[in-house]
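2 protein chains.
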Amino acid sequence: MTVLTRKPQESLQESLQQVTRLLERHKLVEGMVHKQEGPKHDLVEKLVHRQNLTELQMKLATLHPADIAHILEALPHADRLMVWGLVDAEDDGEILLEVSDAVRESLLADMAPHEMVAAAGQLDTDELADLVPDLPSAVQSEVLDTLDAEDRAEVQSAMSYTEDQIGSLMDFEMVTIRADIKLEVVLRYLRRFDELPTHTDKLFVVDDNDILKGVLPLNRLLVSDPDKYVQEIMADDVVVFQPFDDAGEAAQAFERYDLVSAPVVDSNHKVIGRITVDQMVDVIREESDAEVLSLAGLKDEDLFSSVGKAVKNRWPWLALNICTAFIASRVIGSFEDTISHLVALAALMPIVSGIGGNTGTQTTTLIIRGLALGQIQPSNTRMLLLKELGIALINGLMWGSVLGVMAWALYGQIGLGLVMMGAMMLNMIVAALVGLFVPLIMQKFGRDPAYGSSVLITALTDSLGFFIFLGLATIFLM
Amino acid sequence: MTVLTRKPQESLQESLQQVTRLLERHKLVEGMVHKQEGPKHDLVEKLVHRQNLTELQMKLATLHPADIAHILEALPHADRLMVWGLVDAEDDGEILLEVSDAVRESLLADMAPHEMVAAAGQLDTDELADLVPDLPSAVQSEVLDTLDAEDRAEVQSAMSYTEDQIGSLMDFEMVTIRADIKLEVVLRYLRRFDELPTHTDKLFVVDDNDILKGVLPLNRLLVSDPDKYVQEIMADDVVVFQPFDDAGEAAQAFERYDLVSAPVVDSNHKVIGRITVDQMVDVIREESDAEVLSLAGLKDEDLFSSVGKAVKNRWPWLALNICTAFIASRVIGSFEDTISHLVALAALMPIVSGIGGNTGTQTTTLIIRGLALGQIQPSNTRMLLLKELGIALINGLMWGSVLGVMAWALYGQIGLGLVMMGAMMLNMIVAALVGLFVPLIMQKFGRDPAYGSSVLITALTDSLGFFIFLGLATIFLM
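First to last, the sequence lines map onto chains A and B. Per UniProt numbering, the very first residue in the first sequence carries number 1; after that it's consecutive. Per UniProt numbering, the very first residue in the second sequence carries number 1; after that it's consecutive.
Just chain A, same shape as in the assembly (with noise of 0.2 Å):
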């Protein structure tokens, strides 16, 4: 007997490869295929043509559902869809609900309404309802006819919910037990079973009502003497959650209480469903991708989609970045006085700007993970001001002057030092202010902070840091 160990990386970028080239080698027996005419070629080359796809069909063949979606989401669409034809259709639903949206979308836009009716086919309640939602209507009451009536309630009980919340996440595969009965009992009972649901690391206890008694693990289940009693051994300080609980932080519970598998319960303590690790980490996943997407003012995009796509993803930001640097345009124009008679402030001026830009972004960046992480609330927000003022005076102060004495250098005017300085210090200030109270005021007003503050902030920066230096300069040198 021979044991199959994988390293799984390894060899998934080796899987990825071994496609990519299998396809490299199709295209090019295709563009001989088109390029020749002559009736003998033509049937060499098919001939090959067909092999190269069987090959490509049978390594995909080998691939788990998960590491197929990995490789459709690194490959260009024309290939991603050529692979998506040879997918074995078994795998079509798994496949669909591994990839991101964005992908998702291109692979669903490929297939035929049936093909799509049999995908759902494979899947469970909770997955469905992750699935359904991106059904063109018609494929989504088909697929909700084909399903009896306890199924279709589940999914669409699952599917009242939003993407946020844990209802939406939850499955209803659970294994509940009695309290008053044998541990030799259960042992028995759960022989019965064909197999567990995946991360099955605990039994729920409920009464005849399936209201929540306590969790059973299975780690003590399987150290005690089967002739103990459910309630000797179970535990009764369980972590749970209500449908309407926000997923990211059910996901941060999970991470505190180094959880696999939790109950979801009703308001009056029915058990309604379980959450699993494996969703929470997908939860946590995703959440930090939107915010390094959204720090940068992008929704999730296919890396390969198209430029008509891509370019409608990055417009809003970049419109909005657009009127805000034609505002700091128009605060520079109306100092061009000013600028006329010195020029040297022109060169000078990005630099107070954009360093104000940079430090109130850092400041943001700290501010956004502390209110991500709960731990900024009122009563710590004056340390937090302090602290920042404090840093923003002493890198004011110091880098200030660094770059007053070399302003002063390069043009041999000591005002113009000077106020290169004042600009500094003051600029750094209002980045330290701006960068804490924007992401606190998006939150107030219940927007995500991430989203766009980084855009907010270095409008600020740059409009005022032109503002202050050039009026300083307008003050103390004309």
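Each hint should be verified, as a subset may be incorrect.
Since the list gives no way to pick one copy over another, a pair counts as held whenever it fits inside one copy or between any two copies.
What the hints assert, rightly or not - Cross-link-like lysine-lysine pairs, in silico, DSBU-like; alpha carbons within 35 Å at most:
#, residue 1, residue 2
1, Lys270, Lys59
2, Lys59, Lys309
3, Lys299, Lys312
4, Lys444, Lys27
5, Lys59, Lys444
6, Lys182, Lys228
7, Lys270, Lys27
8, Lys299, Lys270
Calculated directly from the structure, the hints in this document are not laboratory data.
Put chain B on the given structure of chain A with help from the hints.
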């Protein structure tokens, strides 16, 4: 019997607020004690004072170490040390493991050597390996001396790996069984344990030399006939890791294959340890955290660190930023003649550079994500280049025209409008190239593509943007 059902996030926020309230009341009383002198007052206040602290201590005693860690992170320095002093010493070790590196440092600075040794005494060997490197060297050797030979070897082995290697994260508490025994025997064997290691979802099947032969998931053990043999029902298709594997890649494998635990083997397939999903969740959180921070040029910073520490943390990026801003300023300086002829250029130039910087950052953010997820490889770089150039052309043409018309309208010079448009288009293309190639080249040279990408890109798009705009203006308008 009652079930203690907790909504974890709410109860955590409540605890944090309670602790903060008690701390504030405490400080208020302390303030009064210091102000008032009369002996009677003094006594009363001291009693109230002590009562407050007792209440705080009792509250802390009810909390999970992970929750205390969270509260410590959310408290300003002085309050944090106050609470840290009141925490049950038995939880010290756990809490030190849970807090971030920056906060751990601030807590350790407040501990006596014997307290550190006591805290270390509460931990398993894999946890010790995480804590020990942060201890003063005298304490380190003392801690290692308290261990028996086997434990010391485990700690030293774990410490020999870098933080981003699996070896530093693996634990040594796994349950191994032989393949040629009946499940019944396995069940009896498990009952001899007081408890199974946390996150045990599978038993590792090994031969006499500890060579991995397969795994027996508990879920299969529980549903199978006890008369069967391990080898009949074990899985021999196992995802395994090696101690030098990258932790981030392992975490991605846990995500893809929904793992709870996995064996770590040496090059002979001998089982040497185990990694579990809770550690992988931490890796994912830390990596995404580090990515967000390093995009802003920050290393891990305690939200309530001292001003001095924060200045030091933010210093390198700021210094680099000042150098690049200075270079950009010199580029403008070399066009002072042109600007003094047409001062409108000074007002318009930050638009060109600023928008270049932002679009470059958007491109880079997507590329960094693609690299982190392993989606980018040599074969698809050309596609990405074409996509980004396409976007740059469209955006440059569209927004360049808008801004060109605006410049024309504002300053009444069609030439200025055309220069604006041309410069926008060219700088968009520069931004696309820079945004794509800077992270790719950094990755090629083995550097973290996130750290500092953003400074480099802004530096390049600023300097080149000024150069293109003022250069075109010099050629066509002078």
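Structure-based check of each hint:
1. Within a single copy, Lys270 and Lys59 get their C-alpha atoms only as close as 47 Å, which misses the 35 Å cut-off; across copies the closest is 29 Å, which meets it.
2. For the identical chains of this complex, Lys59 and Lys309 are intra-copy neighbours only, at 31 Å inside a copy versus 54 Å across copies, given an alpha-carbon limit of 35 Å.
3. Both within a single protomer and between protomers do Lys299 and Lys312 lie at most 35 Å apart by alpha-carbon distance, with minima of 10 Å and 33 Å respectively.
4. Taking CA atoms no more than 35 Å apart as the test, Lys444 paired with Lys27 passes between copies only; the shortest distance there is 28 Å, against 54 Å inside one copy.
5. Proximity of Lys59 and Lys444 under a CA criterion of 35 Å is satisfied inter-copy only: 29 Å between copies versus 52 Å inside one chain copy.
6. For the homomeric pair Lys182 and Lys228, the shortest alpha-carbon distances inside one copy (5 Å) and between copies (23 Å) are both at most 35 Å.
7. Taking CA atoms no more than 35 Å apart as the test, Lys270 paired with Lys27 passes in neither setting, with 58 Å inside one copy and 44 Å between copies.
8. Taking CA atoms no more than 35 Å apart as the test, Lys299 paired with Lys270 passes in neither setting, with 37 Å inside one copy and 45 Å between copies.
Comparing the model with each earlier hint shows violations of hints 7, 8; every other hint is respected.
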